Amino acid sequence: MSTTPQALTRQDIAKVGLLARLALSEADLERMTLELSKIVDFVSMLGELDTADVAPLAHPLDTQNVFRDDVPVASLSTAEALQSSPRHDGECFLVPAVLGESGAA
Amino acid sequence: MSHAPYATIIGLEVHVQMMTRTKLFCGCSTKFGSPPNTQVCPTCLGLPGSLPVMNRQALDLALRAAVALECQIAPFTKWDRKNYFYPDLPKGYQISQFDLPFSSNGMLEVVDPKGALEPCRVGIIRVHLEEDAGKSMHDEAAGTGDTRIDLNRAGTPLCEIVTQPDLRSPQDARTWLNELKLLLDYLGVSDCNMQEGSLRVDANINLHIPVPAAGGAADRVAKTPIVEIKNMNSFRSVERALTYEAARQWEDWQATKAEMGKTPKQTRGWDDAAGVTRAQRHKEESSDYRYFPEPDLVPVTVSAEHLAKVRDSMGEPPVQLRKTLAATWKISPYDADVLINQGRDLVDYYEELARKLGDGKVASNWMQQDVLRILNETNGIIQSFPVRPAGLADLIGRVVKGDFDTSRGREILAKMIISGRPVDEVVASLGIAAVSDDDVMALCRELLAANPKIVADVKSGKEQAAAGLIGQAKKKNPNVNPGKVRAVCIDLIRGMDSRQAER
Amino acid sequence: MQPLELSAVDLVAALRQGDISAVQCATVFLDRIAATNGAINAFLAVDREGSLQRAADIDARRKAGKPLGALAGLPIALKDVLCTTDMPTTCASKMLAGFRPPYDADVVRRLRQADAVFVGKTNMDEFAMGGSNENSAFGPVRNPWDLSRAPGGSSGGSAACVAADMAPVAIGSDTGGSIRQPAGLCGITGLKPTYGRVSRRGLIAFASSLDQIGPMARSAADCALIMETIAGHDPGDSTSLSVDVPRYSELLDKPLAGVRIGRVPEHYAEGLDPEVAKGVEEAFAVLKAAGATVHDVHLPHARYGIPTYYLIAPCEASSNLARYDGAHYGHRCKDLGQAGRGAGSAGGGCESPLVEMYCRSRAEGFGPEVKRRIMLGTYALSAGYYDAYYAKALRVRRLIRQDYLDAFQTVDLIGGPVSATPAFKLGEKTDDPLAMYLVDLYTVGTNLAGVGGISFPCGFTKSGLPIGFQLQAPPLAEPLLLQAADRFQRLTDWHRRRPKSLEAKA
Chain A
489 MSTTPQALTR
499 QDIAKVGLLA
509 RLALSEADLE
519 RMTLELSKIV
529 DFVSMLGELD
539 TADVAPLAHP
549 LDTQNVFRDD
559 VPVASLSTAE
569 ALQSSPRHDG
579 ECFLVPAVLG
589 ESGAA
Chain B
489 MSHAPYATII
499 GLEVHVQMMT
509 RTKLFCGCST
519 KFGSPPNTQV
529 CPTCLGLPGS
539 LPVMNRQALD
549 LALRAAVALE
559 CQIAPFTKWD
569 RKNYFYPDLP
579 KGYQISQFDL
589 PFSSNGMLEV
599 VDPKGALEPC
609 RVGIIRVHLE
619 EDAGKSMHDE
629 AAGTGDTRID
639 LNRAGTPLCE
649 IVTQPDLRSP
659 QDARTWLNEL
669 KLLLDYLGVS
679 DCNMQEGSLR
689 VDANINLHIP
699 VPAAGGAADR
709 VAKTPIVEIK
719 NMNSFRSVER
729 ALTYEAARQW
739 EDWQATKAEM
749 GKTPKQTRGW
759 DDAAGVTRAQ
769 RHKEESSDYR
779 YFPEPDLVPV
789 TVSAEHLAKV
799 RDSMGEPPVQ
809 LRKTLAATWK
819 ISPYDADVLI
829 NQGRDLVDYY
839 EELARKLGDG
849 KVASNWMQQD
859 VLRILNETNG
869 IIQSFPVRPA
879 GLADLIGRVV
889 KGDFDTSRGR
899 EILAKMIISG
909 RPVDEVVASL
919 GIAAVSDDDV
929 MALCRELLAA
939 NPKIVADVKS
949 GKEQAAAGLI
959 GQAKKKNPNV
969 NPGKVRAVCI
979 DLIRGMDSRQ
989 AER
Chain C
1349 MQPLELSAVD
1359 LVAALRQGDI
1369 SAVQCATVFL
1379 DRIAATNGAI
1389 NAFLAVDREG
1399 SLQRAADIDA
1409 RRKAGKPLGA
1419 LAGLPIALKD
1429 VLCTTDMPTT
1439 CASKMLAGFR
1449 PPYDADVVRR
1459 LRQADAVFVG
1469 KTNMDEFAMG
1479 GSNENSAFGP
1489 VRNPWDLSRA
1499 PGGSSGGSAA
1509 CVAADMAPVA
1519 IGSDTGGSIR
1529 QPAGLCGITG
1539 LKPTYGRVSR
1549 RGLIAFASSL
1559 DQIGPMARSA
1569 ADCALIMETI
1579 AGHDPGDSTS
1589 LSVDVPRYSE
1599 LLDKPLAGVR
1609 IGRVPEHYAE
1619 GLDPEVAKGV
1629 EEAFAVLKAA
1639 GATVHDVHLP
1649 HARYGIPTYY
1659 LIAPCEASSN
1669 LARYDGAHYG
1679 HRCKDLGQAG
1689 RGAGSAGGGC
1699 ESPLVEMYCR
1709 SRAEGFGPEV
1719 KRRIMLGTYA
1729 LSAGYYDAYY
1739 AKALRVRRLI
1749 RQDYLDAFQT
1759 VDLIGGPVSA
1769 TPAFKLGEKT
1779 DDPLAMYLVD
1789 LYTVGTNLAG
1799 VGGISFPCGF
1809 TKSGLPIGFQ
1819 LQAPPLAEPL
1829 LLQAADRFQR
1839 LTDWHRRRPK
1849 SLEAKA
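Going line by line, the protein sequences match chains A, B and C.
Numbering-wise, this note's numbering comes out as the position in the first sequence, counting from 1, plus 488.
Numbering-wise, this note's numbering comes out as the position in the second sequence, counting from 1, plus 488.
Numbering-wise, this note's numbering comes out as the position in the third sequence, counting from 1, plus 1348.
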C-alpha cells in the first residue's frame, strides 16, 4: 500500500485539532501544518516496504486470556475519587452543562 | 397480507448490562442505586496509570447470551478502543470491540403460542462486549449550568446486540424485545430492567414504498432515509415511538419524496410525554472514533471445551421450555406460555408444585388463578411468596380429595400466606375439622327431613334445587364440603321410596 | 565512609550491618540534592520530611529487631511518571501540576514494601515525550558532566540524579530509549526490561505497548538488586508476564566464555560520532577479551524503526492522553465563554462550553511536543488514514521483531551504540522536531520488538563526555544482559567516574 507524501493543509490540521480537542491559535495552525507535514512525510517512508503478507503486531507479547474473578474489591471513597477534581459538589464531578444528545452515536 | 402503502423496516440495537457482581475491568461493585461515586476506583475513573483486567464471568455470561441467540462464536477475539470525548467517559475512550466481535450471525425468533400470527425471525448481526459509561445528570431546575457526573456505572459490562433490519412492525419490535428479555432472564445473563438502565434500546427505522412506474417500466421500491431513534425508556415507548416515526416518515415522504442516501442518517430523540420524535442537534463533526486495538488488554481465545462448558451451564431457553413444559405437564401451549412469560423462578416453582401434586393441569390452574393473581395484587415476586410448592401442593391435594371446596381452599391459602403456617395448622386455627362421612350422612338426613319441598323438587327431576340445601348445611357445619353434601343428598333422595319422602 | 561513593549494593549492606543509619544515609543524599539541584534541576519534588521520617522508622524497627525489607534504608528517586500517594505526580506537565494520585504504582508499592526511602520525584520530558529533558514544563535538566548540555530523555532527571550522586538509584521509564539513552549520555547504567517483566500499573501511560519501567544506577549489579524487587507478575496489569523472577544478583558473576555478541553493520552509518564509534569498538574488544565472540548480524529493517515508532507511539499516546480533559482531574481552564477566539475548529468556534473547556484546558495544560504527538497520532488514526499509517506501522513492527528473533538465532546479545552522539548542547535540537526524534535511532527497535536492553558507559570523549554502549537481548534474558554488563564493569572503571564540574560547586 503506497503512501504518497501528504501535504497537510491548514484545514486538515484544524479538523484534527477539533478531533483531539486542542485549541489552536492562528500561529499554532501555521506552525503545526508545517511541522506535521514534515513528520508525516518522514513516516511515510514505511510505504517503501511491501507488507501485504505481514500481519499487524499490536502486542509484543504472545499472551492471551488474562482474566480476573468476579469478586468485589474495595472501592475508593467518594472523597478520594473527587480529590483531584477541578469542580465537584461533594458527590459528583461538575462540568459545563451538556445539552442534548450523548457523546457517542 | 397488509394493504399498507409501505413496508416498515426496523432494526434494533440493544445494550444489556451483564449480571456480574463487579465491573468489566475492575473489582468495583455493579450494584444499582448507590450514592454517586461510591463504586469507583482508579481503573473505572480513568485515573492516570490505571489499567483494565477482564472479568471472566462477564465474558462467560456474554458467551451464554450469544450461544442462546444462535450466534457463531469467534475462536479468537480482541478488544479495541473507541475514542471520543464526553464527561461520562473518563478515559476519553471506551473499551469495546470493533472488527473482531466475539460473536456474530445469530437469530432470535418469536412464535405466537396461539399460532395465530406468523413467527417473527430476527437475524442478529453481532453481539459484542464493551464497558458502559457513567451517568450525566443535568439539573434543569437548579439552573446552575452544570452537569453532574456520577461514574458508578462507568465500566459496567454491556453486551451490545445488533439485529438485522428484520422487524416489520412496531408491535413485532415490542414482542421481540419481550422475548429477548425473557431469554436473557432465563439465562441469568441480565435482569433487563429498562427502568434501572440494565437494558437500553435504540431503533433504526425506515419505510420501503412501492413506486409504480410509468410507461411500462418496472415498479421500484423507494426507501426513506433511515432514522435512529433514541431515548425510549420502556418497550411500550419503543412501540409508540416506532409507530409515530413510521407515520411521520410516510408524511414526510409524501411531502418531499426524499430517499435514503441523499440525506445523512438522522438521529431523533423520543419525547414520551409529547408523543413525538424530535431531530437532535447536529453534531459539530461526524464521529470519527479512530478505533485501534486496545494495547492494555490481550486477546481472548474461546476453545471448544470452554464453549461446551458454557452450553452445559445454560439450561433451556424459553422457546424450548414452552414446548417442554407443555409436553411434560400436559398443559396447553397457551398455559405454558403464560407460565414461561413470568420468568424462570416462577416456572421452577410451578414445576415443583406439579411434581408434588402429580397433576400439571391442576397445578397450572392454581398458579394462574391464585398464585399469579395474588402476586399481581400484592406486587410481589414468586421468590418471596410465603407458601412454597410443598405447602401449596398439600392444600391443593386436599381440595382435590374433597376435604374442602375451592373457595374454602382459597380461604385457607390466604391464611397460610398471612401466617406462614402449613395447611394443618391453618385448618385447625380456622376451626375447620374434617367432617366424617357418617357426620355428612347424618347432616344430610337432617336437611332432607327439614326440607320436604326441596326433596320433592329433586325427586321430580329438578336436581338443581338441591343447591338450596348447601347454605343450610354450611350454617349447621361450616367445615362440610358443599359438593359432598349435595351429592349425598341427591343419592339419599334417589334412594328414598315415596313412603319415606312423604313422611 | 562516604555514602555518596558507595554502590547501592554496598549501601544496603552497610545499612544492614549498622555501619550507617538510615537517617544518616538519607540526610547525606538529601543534603546533596539541596546543594546541587539548583544547578541541575533533576528533581521536581523532594520529600525531605517524609523520607527522614521513613528512615527514622526503619532505624527504629531495625533496633527493635523487627524484620526489614531487602532495600531497607536505601534512598531511591522516582521518575515523576510513577504514581505516588505521598508526593505529587506531574509527568513534568502543567496538566498535572500538583496532582496527587489516590494510589501507588505497583513498582512503588514493591519498593515501599522493601523499605526503600523515596527522596523525591525526578524531572523528565513532559509525559515521557522527548530525548533531552528539554520538554519539561518545569525547566530542563542539565547534564552533570557539562551543565550546558542535555542529559538525554525522557528520564533525564533520573539519569542526572544518579550521575550527580543525588541518589544511588533512580527508577525511570523507557518507551523508545528513555532509560538507556539518558543513561548513556550521563555515564550511568540503565536497564529496560523485556516488555511485561515489570508491571505498568501506576505508570502514567505514554505508549502502552512500548512502555516499561526500569532501574538506573551506577552499575549493573545495582540494577540487578533493584530488579529483584520491582520485577514480577501483577494481576492488575493484563500485560504483565506470569514468569518467576530470577535472583538476578546471584546470577551476576558468570564468565562470558561462549557468549556470542552481535555487531550490526547498519549501526555504523554516517551520523555516528567518530568518538562514539571508537568507544563502541573498544567495548567490543573488552568483551572479546573477556571471552565473548563477536559476529556480524543484520537488522535489515533497522532504518524503519524511527518512522514505525513515531507512528505507533503518538497514536497510542493520542488515546492515552485523551483522559486529560479538565473534567475529572488535572488542569481545567478558567473563564469559559471565550469560544470563538481561536478555539480552533473547522466550525469556526461555535463550540459548546464543554468543548471549549476541553480544547482550552488541553491547549493550556500540554506543552508543544505533547501537542505535536497528539495531533500526529490523532491524524494517523483518523478515518481514511488508519491503514496507511497506524496499521502499516504495526506490520513493519512485526518485521522489526522478526529481525531480532532471527538475529538471536545466531547470537545471544546484540551490542552497539546507544546514542549517535555524546550529550548535545541544550537548545541544539529543539528547533527541529525530526532532528530530536533521531536521537532514538539505536533504541526504538528494542521497544518495538518488546525485548530487553541495557546501556552503560564504555568511555569518554576528549572533552570529557560519557560514551554509552548498549546490549540488547532476547525476551526475558535480563540475567544475561546484567551478567555481560557486570563482567564489563569488573574489567573497566568507566562507571565509577564522577563529573568534576559538580565538585567545584558542591
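Honestly, the hints are just simulated from the structure, not real lab data.
Computed from a prediction, not measured in an experiment: that's the story for all the values here.
Fair warning: there could be bad hints in the mix.
[What the hints assert, rightly or not] Calculated pairs, BS3-like style, for lysine-lysine (alpha carbon to alpha carbon, straight line, at most 30 Å): (1) B:LYS889 - B:LYS818; (2) B:LYS903 - B:LYS941; (3) C:LYS1602 - C:LYS1636; (4) A:LYS503 - B:LYS811; (5) B:LYS797 - B:LYS889; (6) C:LYS1848 - C:LYS1810; (7) B:LYS889 - B:LYS903; (8) B:LYS711 - B:LYS753; (9) B:LYS964 - A:LYS503; (10) B:LYS566 - B:LYS889; (11) B:LYS602 - B:LYS903; (12) A:LYS503 - C:LYS1442; (13) B:LYS519 - B:LYS566; (14) B:LYS623 - C:LYS1682; (15) B:LYS950 - B:LYS962; (16) B:LYS623 - A:LYS503; (17) C:LYS1773 - A:LYS526; (18) C:LYS1682 - A:LYS503; (19) C:LYS1626 - C:LYS1442; (20) C:LYS1442 - A:LYS526; (21) B:LYS964 - B:LYS947; (22) B:LYS623 - B:LYS602; (23) B:LYS963 - B:LYS947; (24) B:LYS623 - C:LYS1810; (25) B:LYS797 - B:LYS903; (26) B:LYS964 - B:LYS950; (27) C:LYS1636 - C:LYS1810.
[To be verified] Not everything, but these chain B residues come out facing chain C in the computed CB check (under 10 Å): (28) ALA492; (29) PHE520; (30) PRO530; (31) GLY534; (32) ASN571; (33) LYS579; (34) MET595; (35) GLU597.
[To be verified] Away from chain B, derived, C-beta distances all over 12 Å, residues of chain A: (36) LEU496; (37) VAL504; (38) ALA508; (39) GLU514; (40) LEU517.
Cβ coordinates follow ideal geometry from the N, Cα and C atoms, glycine included.
Against the structure, the hints:
A hinted pair counts as satisfied when its Cα atoms are at most 30 Å apart, and LYS889 of chain B with LYS818 of chain B qualifies at roughly 21 Å. Under the criterion of a C-alpha separation no larger than 30 Å, the hint pairing LYS903 of chain B with LYS941 of chain B is inconsistent with the structure, at around 38 Å. With a CA separation close to 15 Å, the supplied pair LYS1602 of chain C and LYS1636 of chain C stays within the 30 Å bound. This hinted pair does not check out: LYS503 of chain A and LYS811 of chain B have alpha carbons roughly 58 Å apart, beyond 30 Å.
For the hint linking LYS797 of chain B to LYS889 of chain B, the alpha-carbon distance of about 45 Å lies beyond 30 Å, and the restraint is violated. A threshold of 30 Å between alpha carbons decides the hint, and for LYS1848 of chain C with LYS1810 of chain C the separation of about 14 Å falls inside it, so the pair holds. For the given pair, LYS889 of chain B sits about 20 Å from LYS903 of chain B by alpha-carbon distance, which is consistent with the 30 Å threshold. The straight-line distance between the Cα atoms of LYS711 of chain B and LYS753 of chain B is roughly 13 Å, inside the 30 Å bound, and the hint therefore holds.
A distance of roughly 93 Å separates the Cα atoms of LYS964 of chain B and LYS503 of chain A; the hinted pair therefore is violated under the 30 Å criterion. Between LYS566 of chain B and LYS889 of chain B, the direct Cα distance comes to roughly 62 Å. Violation of the 30 Å bound is thereby established for this hinted pair. Restraint check for LYS602 of chain B and LYS903 of chain B: not satisfied, since their Cα atoms lie roughly 36 Å apart, outside the 30 Å limit. Using a Cα cut-off of 30 Å, the hinted pair LYS503 of chain A and LYS1442 of chain C holds, with the two alpha carbons roughly 25 Å apart.
Distance check on the hinted pair: LYS519 of chain B and LYS566 of chain B sit about 27 Å apart at the alpha-carbon level, within 30 Å; holds. Restraint check: the Cα-Cα separation between LYS623 of chain B and LYS1682 of chain C comes to about 24 Å, which is no more than 30 Å; the hinted pair holds. The hinted pair formed by LYS950 of chain B and LYS962 of chain B meets the criterion: a straight-line CA distance of about 21 Å does not exceed 30 Å. Annotation: proposed proximity of LYS623 of chain B to LYS503 of chain A holds, straight-line Cα distance about 28 Å (limit 30 Å).
Straight-line distance between C-alpha atoms of LYS1773 of chain C and LYS526 of chain A comes to about 24 Å, which keeps the hinted pair within the 30 Å bound. The hinted pair formed by LYS1682 of chain C and LYS503 of chain A meets the criterion: a straight-line CA distance of about 24 Å does not exceed 30 Å. Taken as a hint, the LYS1626 of chain C and LYS1442 of chain C pair is broken in the structure, with Cα atoms around 41 Å apart against an allowance of 30 Å. Our distance criterion of 30 Å between C-alpha atoms is met by LYS1442 of chain C and LYS526 of chain A, whose separation comes to about 27 Å.
For the hint linking LYS964 of chain B to LYS947 of chain B, the alpha-carbon distance of about 24 Å falls within 30 Å, and the restraint holds. Pair hint LYS623 of chain B plus LYS602 of chain B does not hold up; C-alpha atoms about 42 Å apart against a cutoff of 30 Å. Restraint check: the Cα-Cα separation between LYS963 of chain B and LYS947 of chain B comes to about 24 Å, which is no more than 30 Å; the hinted pair holds. The hinted pair formed by LYS623 of chain B and LYS1810 of chain C fails the criterion: a straight-line CA distance of about 63 Å is larger than 30 Å.
The hinted pair formed by LYS797 of chain B and LYS903 of chain B fails the criterion: a straight-line CA distance of about 45 Å is larger than 30 Å. The hinted pair formed by LYS964 of chain B and LYS950 of chain B meets the criterion: a straight-line CA distance of about 24 Å does not exceed 30 Å. For the suggested pair LYS1636 of chain C and LYS1810 of chain C, the alpha carbons sit about 24 Å apart, so the restraint of at most 30 Å is met. At about 39 Å, the closest approach between the beta carbon of ALA492 of chain B and any beta carbon in chain C exceeds 10 Å, and the interface hint on this residue is violated.
Nearest Cβ of chain C to the Cβ of PHE520 of chain B: about 22 Å, over the 10 Å cut. The hint is violated. Hint status for PRO530 of chain B relative to chain C: holds, with the closest Cβ pair at about 5 Å, below 10 Å. Evaluation of the GLY534 of chain B hint against chain C yields a held restraint, the C-beta minimum of about 5 Å falling below 10 Å. The beta carbon of ASN571 of chain B is positioned within 10 Å of a beta carbon in chain C (closest approach about 5 Å), and the interface hint is therefore held.
Using the Cβ-Cβ criterion of 10 Å, the hint placing LYS579 of chain B at the interface with chain C is satisfied: the shortest such distance is roughly 5 Å. With 10 Å as the threshold, the beta carbon of MET595 of chain B stays out of range of chain C, its nearest partner Cβ sitting at about 32 Å, so the hint is violated. Interface hint status for GLU597 of chain B: violated, as the beta-carbon distance to the closest one in chain C is roughly 37 Å, over 10 Å. At roughly 16 Å from the closest C-beta of chain B, the C-beta of LEU496 of chain A stays outside 12 Å, upholding its exclusion from the interface.
At roughly 10 Å from the closest C-beta of chain B, the C-beta of VAL504 of chain A falls inside 12 Å, breaking its exclusion from the interface. The beta carbon of ALA508 of chain A is not kept farther than 12 Å from every beta carbon of chain B, the shortest such distance being approximately 9 Å. For GLU514 of chain A, the condition that its CB be more than 12 Å from all CB atoms of chain B holds, with the nearest at approximately 20 Å. Every Cβ of chain B is farther than 12 Å from the Cβ of LEU517 of chain A; the closest lies at roughly 17 Å, confirming the non-interface assignment.
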